[in-house]
Amino acid sequence: MILDRFLLTDTVAIVTGAGRGLGAAIAIGFAEAGADVLIAARTEDELRKVADEVAARGRRAHVVVADLADPDTVAGLAQTAVDEFGRLDSVVNNVGGAMPRPLLDTKAHHMTDAFTFNVTTAHALTTAAVPHLLATADGPGSSAGSIINVTSAVGRVPGRAYAAYGTAKAALAHYTRLAAMDLNPRIRVNAIAPGAILTSALEIVAGDDTMRTAVESATPLHRLGAPEDVAAAAVYLASPAGEYVTGKILEIDGGIITPNLDLPIPDL
1 MILDRFLLTD TVAIVTGAGR GLGAAIAIGF AEAGADVLIA ARTEDELRKV ADEVAARGRR
61 AHVVVADLAD PDTVAGLAQT AVDEFGRLDS VVNNVGGAMP RPLLDTKAHH MTDAFTFNVT
121 TAHALTTAAV PHLLATADGP GSSAGSIINV TSAVGRVPGR AYAAYGTAKA ALAHYTRLAA
181 MDLNPRIRVN AIAPGAILTS ALEIVAGDDT MRTAVESATP LHRLGAPEDV AAAAVYLASP
241 AGEYVTGKIL EIDGGIITPN LDLPIPDL
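Throughout the sequence shown, residue numbering follows my numbering, covering 1 to 268 in sequence.
Hints should not be assumed to be uniformly reliable.
What the hints assert, rightly or not - Label pairs and their in silico Cβ distance ranges:
1) Thr-258 - Ile-204: 31 to 37 Å
2) Ala-69 - Pro-185: 31 to 37 Å
3) Ser-217 - Asp-138: 34 to 40 Å
4) Tyr-244 - Asp-138: 19 to 25 Å
5) Met-99 - Ser-217: 22 to 28 Å
6) Ser-200 - Val-65: 15 to 21 Å
7) Met-1 - Tyr-244: 35 to 41 Å
8) Gly-58 - Arg-5: 34 to 40 Å
By construction, these hints were calculated from the structure, which means they are not laboratory data. Each residue gets a CB set at the ideal place from its N, CA and C atoms; glycine is no exception.
Using the sequences and the hints, build the whole thing.
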């Protein structure tokens, strides 16, 4: 049956930034599809709640509390996953971010920090995971490994105050394409570019009727996205359903082609 191709039964995935928001939804979605997950973030209480949700779905979660801004720390997650579960099938590089600020207030270290947090960490985990993904792919009944990078619509659609964040996410999107070429055909590398998704990062917008209406009106589908919208895309890309997809950016953004959330930065 076609739905069987969306299953991740008895596979193992790493999801970074999994304490809340998109990472939590992806980890839980993977568990619902049959995967065990290593979940990593800075806040233990949040991770434990996600682990409980995974367990409620009959799967195992291994919690790693760590500062994922450090590329060496992130790289170590690959071996930890194999030590804990005995294999590694998928990696979701979800950790990242950068505070918006006007261009002229964006210093060189802001750009460097954004690139490190959003791109270098993904590269560190990707390269550390490759030998383990290959080892699993060589096993009986296994298909190619999957790496999924979480970028952003801001990496494609320009908006004020996003010089550091948008540039880093654009770099991660193209890194996805480049990595896919190097790792073909045995490991697939794709990305998800979310738009305005209703997570804690968007609470201010969601809680203000005027702001929320403006964002929804500027979005072709006239609503904010749900974390589960992104999780469903991640399950597709990691599962056999997506096994003919690599080097692609899946835009989960309600159809936007222009910014739907402009920050009030004054003209020069």
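Structure-based check of all given hints:
Against the hinted window of 31 to 37 Å, the Cβ-Cβ separation of Thr-258 and Ile-204 comes to about 21 Å, which falls outside the hint. Checked against the given bound of 31 to 37 Å, the beta carbons of Ala-69 and Pro-185, roughly 33 Å apart, stay inside it. Between Ser-217 and Asp-138 the Cβ separation comes to about 51 Å, which falls outside the hinted range of 34 to 40 Å. Separated by about 20 Å at the C-beta atoms, Tyr-244 and Asp-138 satisfy the suggested range of 19 to 25 Å.
A C-beta distance of roughly 26 Å is found between Met-99 and Ser-217, which places it inside the suggested range of 22 to 28 Å. Checking the proposed 15 to 21 Å range against Ser-200 and Val-65 shows it holds: the Cβ atoms sit about 18 Å from each other. Separation of Met-1 from Tyr-244 is about 18 Å and departs from the stated range, judged on CB atoms against 35 to 41 Å. For Gly-58 and Arg-5, the hinted distance range of 34 to 40 Å is not satisfied, since their beta carbons lie about 20 Å from each other.
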